[in-house]
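Peer 1: Here is how the chains run, residue by residue.
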Amino acid sequence: MAGARAFGFKGCRKIGGSQIRNLLNAKDFFLFDCDGVIWHGEKAIIGAPKVVSSLIKHGKNVFFVTNNCTRPRENYVNKFYRLGFTDVMQEQIFSSSYCSALYLRDVAKVQGKVYVIGGEGVRNELLQAGIPFVGDEDAPDGTIFNCALASDVKAVLVGHDDKFTFLKLAKASCYLRDPDCLFLATDVDPWHPLQDGRILPGSGCLTSALEVATGRKAMVIGKPSPFMFECISSQFRVDPAQCLMVGDRLETDMLFGANCGLDTMLTLTGISQMKTAQEYRDSDHSANQSFVPDYVVDTIADFLPAFED
Amino acid sequence: MAGLVSSRGCHKIRGSQIRELLDSKLNVLFDCDGVIWNGETVVAGAPEVVTLLKQQGKKVFFITNNCTRPRASYVTKFIRLGFTDVAEEEIFSSAYCSAAYLRDVAKLQGKVYVIGCQGVVKELREAGVPIVEEDTDAPTGTIYDYPLDPDVKAVLVGYDEKFDFIKLAKACCYLQNTECLFLATDPDPWHPLRGGRITPGSGSLTAAVETASSRKATVIGKPSCFMFECIASQFNLDPGQSLMVGDRLETDILFGANCGLDTMLTLTGVSTLEEAHGYKDSDDPERKDFVPDYVVETIADFIEAYEEEEG
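Chains as they are written, first to last, in the working numbering: chain E, 1 to 309; chain G, 1 to 311.
Take these hints with a grain of salt, some might be off.
Said to hold, decoys possible - Some chain G residues judged to face chain E by a derived CB distance under 7 Å, without partners named:
(1) THR51
(2) LEU168
(3) CYS172
(4) PRO189
(5) PRO192
(6) GLY195
(7) ILE198
(8) THR199
(9) GLY203
(10) ALA208
(11) THR298
(12) ALA300
(13) ASP301
(14) GLU304
(15) TYR306
None of these hints come from the bench; they were simulated from the model. Given the structure is predicted, the values throughout are model-derived calculations rather than measurements. Glycine included, every Cβ here is placed at the ideal spot set by N, Cα and C.
Please put together the full structure from these sequences, using the hints given.
Peer 2: Structural data, given as structure tokens:
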């Protein structure tokens with residue numbers, strides 16, 4: 001596969017049986033997206049907990065790389081346990097909320113407050129990283145005409161917020177008038193599927209609104225930006241060539257893998273379909289090759305036969 | 001038209017040059033915010049300019065992306081700020097034109113889900129376009145199970161200070177139906193407030209809905225030509241005889257270019273002369289459409305253009 005990769009042609013090959021076994025032998029690090037890969041909402045994908053514990057038993061390093069910024073990491077540990085993944089530790093979990101806090105503390109070294117549009121996940125991670133923040137203190141009758149604006153806001157961080165309001169958007173826009181104020185987005189996922197065909201707007205929508213209102217582009221922490229891989233690499237000794245990124249969203253997970261130099265696997269239990277992957281592969285537009293996975297499986301449960309020695 | 005590059009001049013004019021220009025035009029279209037008023041403060045001389053132009057036999061229209069008021073409310077504002085002879089028929093707001101579009105162009109059969117304020121809601125009601133009635137003070141359901149009205153056949157997005165996550169979620173769910181129309185009153189990204197603050201515009205809210213729905217909105221307001229088509233259909237205007245006066249290059253001037261009108265930038269609003277020259281000097285051919293034909297410091301300069309003749 002190294003040869004094909006050198007020319008930028010990804011296989012998009014559905015694999016099973018011994019092909020999976022060979023792949024599992026060849027890789028030491030497995031990076032899993034969560035939603036649509038190991039669970040759907042509150043239900044584990046059948047076989048997924050066994051896949052994770054088998055990989056760990058076989059001495060593989062397993063990480064979870066998720067754009068979902070709605071929970072702090074301790075909360076994720078509880079969810080893993082609740083859904084039957086009994087040997088996942090907090091250190092293995094890299095969420096866009098956690099990595100946003102790391103970025104602000106260690107890369108930007110922000111001096112001043114962060115204005116946050118986001119929920120408990122983001123706020124909790126900022127708190128744990130010791131980063132002062134404001135947001136959510138609006139009076140019910142407050143407007144952008146009469147509200148107070150804090151004087152020492154040095155960064156705006158936007159993430160999923162189901163209590164998003166026009167006033168938050170307006171305040172963030174005012175803070176970002178200062179070109180020295182950083183503009184960060186946890187992720188730019190446009191939407192997420194719900195049960196019964198509905199969709200839930202993602203962080204990408206709130207970020208788009210803010211980009212238009214300010215004429216500025218956000219710096220994106222989450223996939224497909226490589227920053228979350230840099231976070232993992234800074235804490236663990238990781239060789240990209242020994243990694244496999246497993247995800248369900250071509251434009252997020254596969255592109256992330258391509259950006260970080262990792263082999264990629266699409267699992268079909270989530271958002272993206274085989275048909276779309278093939279369309280990207282067959283497209284004339286060379287940029288679309290980065291969305292194409294190296295490998296495809298119907299579900300990660302397809303790994304299980306490989307562990308039967 | 002080969003070889004005929006439209007290079008608009010960006011000429012600063014005053015006095016007799018303004019007089020000559022105005023004598024050659026039958027119709028003058030004014031943007032409002034930043035041109036004839038700023039918020040609740042009139043641009044000095046603007047009411048006199050409007051009266052003067054009408055005395056000279058010109059047709060005067062007001063064409064604004066501001067969708068926060070119904071036309072009747074604009075009439076009151078005009079009076080309040082000293083404009084004594086502006087009739088409702090002369091006012092074309094993006095709210096009014098959005099309602100006209102839904103009723104006359106789309107000929108909508110079904111309801112509209114509106115993200116917007118009273119300006120839009122009232123214009124839709126006046127045009128007889130049914131809207132989803134919601135009791136926003138008693139929200140029902142959570143973001144996962146709020147009720148959806150099965151008769152919604154269009155989503156209209158405009159400036160809305162009560163915009164929130166649930167409205168965004170509902171809009172993008174309605175737009176999953178490919179037959180549901182997607183309209184935006186205007187694309188304005190932001191508007192200046194006092195004290196260096198800004199307020200996000202309809203364009204910002206539309207961007208959120210576009211991202212959530214993976215669809216692009218049909219934009220009613222400037223720089224789209226639709227508002228000119230509204231005026232032209234009611235008043236039989238010849239673009240060649242019309243001058244568009246505005247303060248925002250990417251909105252008003254581009255609108256003029258798109259509709260085949262001569263354009264004038266006034267410097268009492270958002271855009272600066274430097275920005276206009278920046279577009280003029282740009283290599284990008286698309287930027288040429290942002291360059292005005294003429295520039296004035298303020299529309300009050302029209303007054304002295306006529307006084308000079310008489311003096």
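Peer 1: All the hints need checking, so say for each whether the structure fits it.
Peer 2: Checked hints:
1. Given the 7 Å rule on beta carbons, the hint for THR51 (chain G) is violated: about 32 Å separates it from the nearest Cβ of chain E.
2. For LEU168 (chain G), the interface hint holds, since its Cβ comes within 7 Å of a Cβ in chain E; the closest pair sits about 5 Å apart.
3. Among the interface hints, the one on CYS172 (chain G) holds; its C-beta lies about 6 Å from the nearest C-beta in chain E, closer than the 7 Å criterion.
4. Of the supplied interface hints, the one on PRO189 (chain G) holds, with its beta-carbon coming within about 5 Å of a beta-carbon of chain E, less than 7 Å.
5. The restraint placing PRO192 (chain G) at the interface with chain E is violated, with a minimum CB-CB distance near 10 Å, outside the 7 Å limit.
6. Because the beta carbon of GLY195 (chain G) sits about 9 Å from the nearest beta carbon in chain E, more than 7 Å, this interface hint is broken.
7. Below 7 Å, beta-carbon pairs count as interface contacts, and ILE198 (chain G) has one with chain E at about 6 Å; its hint therefore holds.
8. Taking 7 Å as the C-beta contact cut-off toward chain E, the hint placing THR199 (chain G) at the interface holds, the least distance being around 5 Å.
9. Because the closest C-beta pair between GLY203 (chain G) and chain E is about 5 Å apart, less than 7 Å, the hint holds.
10. Nearest Cβ of chain E to the Cβ of ALA208 (chain G): about 4 Å, under the 7 Å cut. The hint holds.
11. Hint status for THR298 (chain G) relative to chain E: violated, with the closest Cβ pair at about 25 Å, above 7 Å.
12. The beta carbon of ALA300 (chain G) is not positioned within 7 Å of any beta carbon in chain E (closest approach about 27 Å), and the interface hint is therefore violated.
13. For ASP301 (chain G), the interface hint is violated, since its Cβ never comes within 7 Å of a Cβ in chain E; the closest pair sits about 30 Å apart.
14. Taking 7 Å as the C-beta contact cut-off toward chain E, the hint placing GLU304 (chain G) at the interface is violated, the least distance being around 35 Å.
15. The interface hint given for TYR306 (chain G) is broken, as the beta carbon of that residue sits about 38 Å from the closest beta carbon of chain E, more than 7 Å.
Going down the numbered hints, you'll see the structure goes against 1, 5, 6, 11, 12, 13, 14 and 15, while the others check out.
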